[in-house]
Amino acid sequence: MKHIYHVVREYFRIGLLGEMEYRVNFFIQIFESLIVLTVSLGSLAIVFRHTETLGDWLPEQMIVLVGIYTLIGGLINFMISPSMERLMQDVRHGTLDFALTKPADAQLLVSVSRFEIWKLIDLFLGISIVLIGLVRLRSEVSLADTAVFLFALSCGAIIIYSFWMILATLSFWFIKVENMLTIFQSTYSAARWPITIYPFWLRFGLTFIIPIAFAVTVPVEGLIGRLDETLMLTMILLTVGLGVLSRWFWKYGLAHYSGASA
Amino acid sequence: MTYHLKIYREQIKIYLALFFQYRVSMVIWMIGLIITPIVSLSVWSTVAETNGGIIDGFTREALAAYFITIMVVNQLTYTWVMWEYDNSIRQGLLSPRLLRPFHPIHQDIAENIAYKLLTSFVMAPITIGLILAFQPDFSLNTQQIVLFLPALVMGFLIQFLFGWTVAIMSFWTNRVSAVNRIYFFGKLFLAGQLAPLSLLPPALETAASYTPYRWMIAFPSELLLGWETGAMVWQGLLIQLFWVIVLVVVSQLIWRAGIKKYSAVGA
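Chains as they are written, first to last, in the working numbering: chain A, 516 to 777; chain B, 1266 to 1532.
If you are wondering where the hints come from, they were derived from the structure by calculation, not from laboratory data. All residues carry an ideal CB built from backbone N, CA and C; glycine is no exception. Any given hint might turn out to be false.
As the list claims (entries may be wrong) - From chain B, some residues computed to sit far from chain A (all C-beta separations above 12 Å): (1) TYR1273; (2) ILE1303; (3) THR1384; (4) LEU1465; (5) THR1476; (6) LEU1502.
Stated by the list, open to error - With a straight-line Cα cutoff of 30 Å, these simulated DSSO-like cross-link-like pairs (lysine-lysine) come out: (7) B:LYS1278 <-> A:LYS691; (8) A:LYS766 <-> A:LYS691; (9) B:LYS1381 <-> A:LYS691.
Using the sequences plus the hints, can you model the full thing?
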């Protein structure tokens, strides 16, 4: 565990040093993040001019949802997607050898190989929006709800990570996997709204094929005390299942890897 | 004229052959175009259902017709050049194109047409699938369809020239992702992608009319659906023509200024 911490910290430090050379990017990123946030909150404002609730979602609950959407999106762009893109590139170029020869778990190394530091802004923005939403909701969020929420959020993060890991592992066999990442990026915008509003086929797709439902909608439902046992159990099963699957698939893929020097 | 037709024919042939190599990628790039209208439609359907099936005079079926039309019109009129010019300017890929005996914009338009010719084969079944899934309420008549065609062509010219003008901003800045975000931000709200413009706050609705955005997607779609009536139809078509002319002039002025600044290898 301590070992993992050290590896992550070192890579984070390297990422930080790299980005410090491009400080203007910090302001560009703030600008871009604010635009994205304006899109989310502006859409809410327009929708709630015409209705009191969206399905059974109150405006304040939707603000919390937008916060989680921003938070998870930030997390993906901060570490998951940069590292996975790097992994695909490494497999193609044969430079994955450098990760494999290091004395640490290869999956860990490739999963934290690159950080886009300025995307942390989205994490902070997301958390702030969640807090604003909660304050405006004026309901005491019980300790139990908070625990459920944090647990669901972690499960969501693991699901998203495992999903990307499986996609990235596909690059051992296929060359143009980047395109699948495009699918994810375009689909993620659908998570800006609760997935309960979508038609059945889309809800199914967003839950089991491209699992963004569990990353955004479900944790929020936990926070507002609406998460039932069945959903909770499905989520735990999916988390464990995808986690194990991605690990196994990575090992399996690695066995098929014939790098530059192997 | 025949000279340009020949150029277009040859360029379209080349791009058809090129895109045919990337069939899967092409379909994948379309997902974003399909998901946005479905998301908007789901949101507004839910709002309508929450409020007894109707919202500001729009039934759920009318909204379905609107967003499916918006999807098709956007598919036919949109452009992605703003993602490509930055790269070709920075890496000097623009240089060989400048040497050709015709304006590079013709190549971009030909590429766009070729892409749309191929993707129509995917868009058509998707549109039919959505019509079956959402049961929209279309009431088309011949007059609407006839007027829709020039509106669609001008919508394409407006969206293409606007996008192309944004693209050649790359002569001055390499912050394309920030510039593009502003462009698409405006498009989502003001071109009618998020909601029919009449559902926006009045100030935004008015603002939309004074930008090219409304005239590139929302107007042709509403014309086809028969939401634009009487004098509004002709006024709208004239405003479209106005924007086409303005954008041709502005884009070419910016292009000339940019070309002077361009200093890649070989230029």
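Quick rundown of the hints versus the structure:
| no. | hint | in the structure |
| --- | --- | --- |
| 1 | TYR1273 | 29 Å, holds |
| 2 | ILE1303 | 7 Å, violated |
| 3 | THR1384 | 15 Å, holds |
| 4 | LEU1465 | 6 Å, violated |
| 5 | THR1476 | 16 Å, holds |
| 6 | LEU1502 | 28 Å, holds |
| 7 | B:LYS1278 <-> A:LYS691 | 25 Å, holds |
| 8 | A:LYS766 <-> A:LYS691 | 21 Å, holds |
| 9 | B:LYS1381 <-> A:LYS691 | 22 Å, holds |
When the structure is compared with the earlier hints, violations turn up for hints 2, 4 and for no others.
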